[in-house]
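Protein chains in written order, with numbering that gives the first Met the number 0: chain A, 0 to 482; chain B, 0 to 474; chain C, 0 to 94.
Quick caveat, the hints were computed from the structure, so don't treat them as lab data.
It cannot be assumed that every hint is accurate.
[As the list claims (entries may be wrong)] Derived pair list, reagent style PhoX-like, types lysine-lysine, alpha-carbon separation capped at 25 Å:
1) A/K333 x C/K84
2) A/K461 x A/K90
3) B/K385 x B/K457
4) A/K90 x A/K333
5) B/K459 x B/K443
6) B/K457 x B/K443
7) B/K459 x B/K388
8) A/K333 x C/K91
9) B/K388 x B/K411
10) B/K472 x B/K441
11) B/K432 x B/K472
12) A/K341 x B/K128
13) A/K231 x B/K71
14) A/K386 x A/K284
15) B/K128 x B/K78
16) C/K91 x B/K213
17) B/K78 x C/K84
18) B/K128 x C/K84
19) B/K411 x B/K432
20) B/K72 x A/K231
21) C/K91 x B/K262
22) B/K213 x B/K128
23) B/K339 x B/K262
24) A/K284 x A/K461
25) B/K213 x B/K226
26) C/K91 x A/K341
27) A/K341 x B/K226
28) B/K457 x B/K472
29) B/K385 x B/K454
30) B/K441 x B/K411
31) B/K128 x A/K333
32) A/K284 x A/K256
33) B/K128 x B/K113
34) B/K421 x B/K459
35) C/K91 x B/K128
36) B/K1 x B/K113
37) B/K226 x B/K113
38) B/K385 x B/K339
39) A/K90 x A/K410
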Amino acid sequence: MIEATLKELSVQLANKDVSAVELATAYLARIDALNPALNALVTLDRERTLAAAAAADARRAAGDAHALTGVPLVHKDIFCQQGWKTGCGSKMLDNFVSPYSAHVVERCDAAGMVTLGRANMDEFAMGSSNENSFHGAVKNPWDTAAIPGGSSGGSAAAVAARLAPVATGTDTGGSIRQPASHCGITGIKPTYGVVSRFGMVAYASSLDQGGPLAQTAEDCALMLNVMAGFDKRDSTSVERAAEDYTRELDKPLAGLKVGLPREYFAEGLAPDVARVIEGAVAELKAQGAEVVEVSLPNTQLSIPAYYVIAPAEASANLSRFDGVRYGYRAPEYKDLVEMYEKTRAQGFGEEVKRRIMVGTYVLSHGYYDAYYLKAQKIRRLIANDFKAAFERCDVILGPVAPTAAFNIGEKSGDPVQMYLSDIYTLSVNLAGLPGMSVPAGFADNGRPIGLQIIGNYFSEAKMLNVAHRFQCATDWHRRAPAL
Amino acid sequence: MKWEVVIGLEVHVQLNTASKIFSGSSTAFGAEPNTQASVVELAFPGVLPVLNRAVVDKAIRLGLALNATINKKNVFARKNYFYPDLPKGYQISQMDLPIVGPGTLTILVGEEEKVIRVTRAHMEEDAGKSLHEDFQGMTGIDLNRAGTPLLEVVSEPDMRSAEEAVAYARALHTLVTWLGICDGNMQEGSFRVDANVSVRPFGQAEFGTRREIKNLNSFRFLEQAIKYEIQWQIDTLEDGGRIEQATVLFDPDSGETRMMRSKEDAHDYRYFPDPDLLPVVLSDDDIARVAATMPELPGQMKARFVAEYGVSAYDAALLTTSLAHAEYFEQVARATGQGKLAANWINGELAARLNREGLELAACPIDAPRLAGLVVRVADGTLSNKLAKQVFDALWVDALSADEVIERDGLKQVSDVGAIEKMVEEAIAANPKAVEEFRAGKEKALNALAGQVMKASKGKANPAQVQDILRQKLA
Amino acid sequence: MSLTHQDVARIAQLARIEVTDAQVEATLAQLNNIFGLIEQMQAVDTTGIEPMAHPQDVSLRLRDDVVTETDHREAYQAVAPQVEKGLFLVPKVIE
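This is chain A alone, in the form it adopts within the complex:
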């Protein structure tokens, strides 16, 4: 039961082979057993969980169930959830019980899904290793010496360890795809604007996008059906007709044009990662896909552009954490300014403070044009690169990260080294495109490696189709860590 996919659980619940309460109880027991070693989940509320499960069973009994009614999940601790502590990996919000729910949470609640708990994350989603959490690092279930990736590291580790069949996550520069890759699961970051940002604590507003992490592409499609949808409370939410993301899953791949950007296979890519990606491409070719070489010449520039734009937006987004209306307030101060300065110095972790300071600097008087405006122009160049590439192919394939998961502590002292590892994921957010990670093999050290699929705007169904067909022919996504 615990190994089951979302799809399988949905069937079992519909057939009354299992009740939502039984499922929730089983998962909670597994969480109790395994989470202390992994630190994937930071908040549990057994009573609430079981009450939600009982309500789901009642709904099933009454015959008005959604496909996922009674299916358990965990939410990344970045989505506000009424009545739950919404801590965002920060001391700043460690006492914050949200009085309202995010759009994503409302949609999951409305579908009758059962919240098992809240997933650990890098503080305010800033990080690629989940070491930047007030609650401590998350361990990779495949190898507890390794990072699980970040910032949705708790979500990815929870799904990989089968503490939950599915998790919500957010991706600002790779934060769904990279942990999915490092934990051997499937995750998708939709086109910017597909999932409402309302109630999702903002890191970099023009880049942030929510999405699911699950075992399979099919599960991601089912979950995206719940999470996606127009929300008038988010001015950047795209007004489009609701779509069924499972509709193209089984489509044959014959004639599909897959683009391989030469810049993604150049210097810096670890040989074992290259081997795994090449193997995945070969599988798709075997299914009839046609491979074309494309170029994304400004890839390298995505790092500086991202590390200007994201901190700039973050520096303003995080100004609201001032100790006045909610959250942490320093215990001692002599005046208002000191209250602010101590509250923010004590409430934020090092990486968050670093990014706020970088963002403050690049927006400050006399530097705006040289940094922020320049980065926005480079952002345009990067988006144009993809536009040109998608004239020649349907999807773009490549690695998610240059290496498999590195060790906890390996890069935590050197922010720049950490930033450089985001090279293959950042440009997707800058362009606003959808991207996903699909388990595709293992590194020489036995840690999982994901294949990145990048689609054109609003082509999630096609990407999920490619991923699903790949998963029909492979079993990488079926492998689970021994725990």
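We have chain A; now place chains B and C onto it with these hints.
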């Protein structure tokens, strides 16, 4: 040395929408603290702004009234600074691309018209309020006002005296209330003025260093503050001092301005486009839709009053200081067919009385139809000016029509030739000395005789007729 | 380019984050490393390129002017550090 004063104004106009600029919270004034602050105004983590259409429409309305450019693409930006009444740590405002571009506003200074250039007007959100009464030595924050829509209207430094600055502020106040986009209530902060003031030696091309007086919420304070500031700057310069760029506050109790922060402490607001809000893009239709609802503007109405009712330009300007005045005048003028007379009464007796009683026109006890009743009786000769003023006083206190007052008090002017002739003959008989003097060429003697007749008639005889008949009889 | 101690002090002050004297040196070194990375951008010619602020080239949706919110002060202030008589309390603000 002779000094020239240079003033530019920045006016914060609170728009009278039902809901806030970025959320569905009420904008009603005076609610219990923080009961009209939603998660959006409280800046809870994860909340997002959604722009109120009425704010855009009202901004376009002002732009059209100022003959200004409407920027079809305009962009919201974040203005970053920390203050407890600014919950997000930034104010959503507009910087590089405001909704309203250059326009003009014509003001009346004495009897002279002057055109003041308006640089821009942009949409932004108001902040909350800090209450400094003692709460255990702390400040209390009320965020009900946070998110109330504002238009910040910025002028060019085109004003050359405190009087011009006040005239501009009044003209803008007239316009925004006329357009129905602001309630104009200055006590509640619906119309707040910042004045940038500098002085320079006459004939010097470049501007002097300016100081900005913040948050003036009455025309009187605006005038006092500017006058004080001008004198202070001139005194400082004449004493060999220098003016440092600064922001100052006006203290109404002392009548002085005092330093709030110097240029060194000036904020670095780190403006950048708000990523939560896309550009506002307006079509020709959007603008035409607003244009179709535009009322006749004060300037247009003023010209029409001159042309249609023959009133003087000065009277027309006074009659168009508010839509209420203009409508009142037009009702009286239409009902009586006596535009000039109506204007005289409204700008004269009525204005003086309102002023004396400290009343706004809206609270005037004499409505337009009743004043029209009075004007008609003046025009047809039923009432002399003197009697008319008596009737006016009665109308002020009694809920009667002019005719009812005339009837009740027997104030009808006597124009019956026979009756007047009789009284004239009696006066001539009783005052032979005056008659003699008049016949000897002493014109003044006639007035004495006329006075006698008026006295005999208890003031009701038609004075013009009395004069005519006297001359006939003495000829 | 590289930042100075004064730059660090200025941005810390703008961002309202206390940076103690002991922390300035380390902060400066890290920020300079990061700006070393960021400086790569300057080598690129971006003449004539339109800055991109949003992933999608669409315009803002507007909402109707309707009051939809009701009073939830009690719930919203339940998480506040310090309130009295419905007001959020902060150290005295001096204008």
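Legend entry - Contradicted hints - numbers only: Hint check: 2, 17, 19, 23, 27, 30, 33 fail, others pass.
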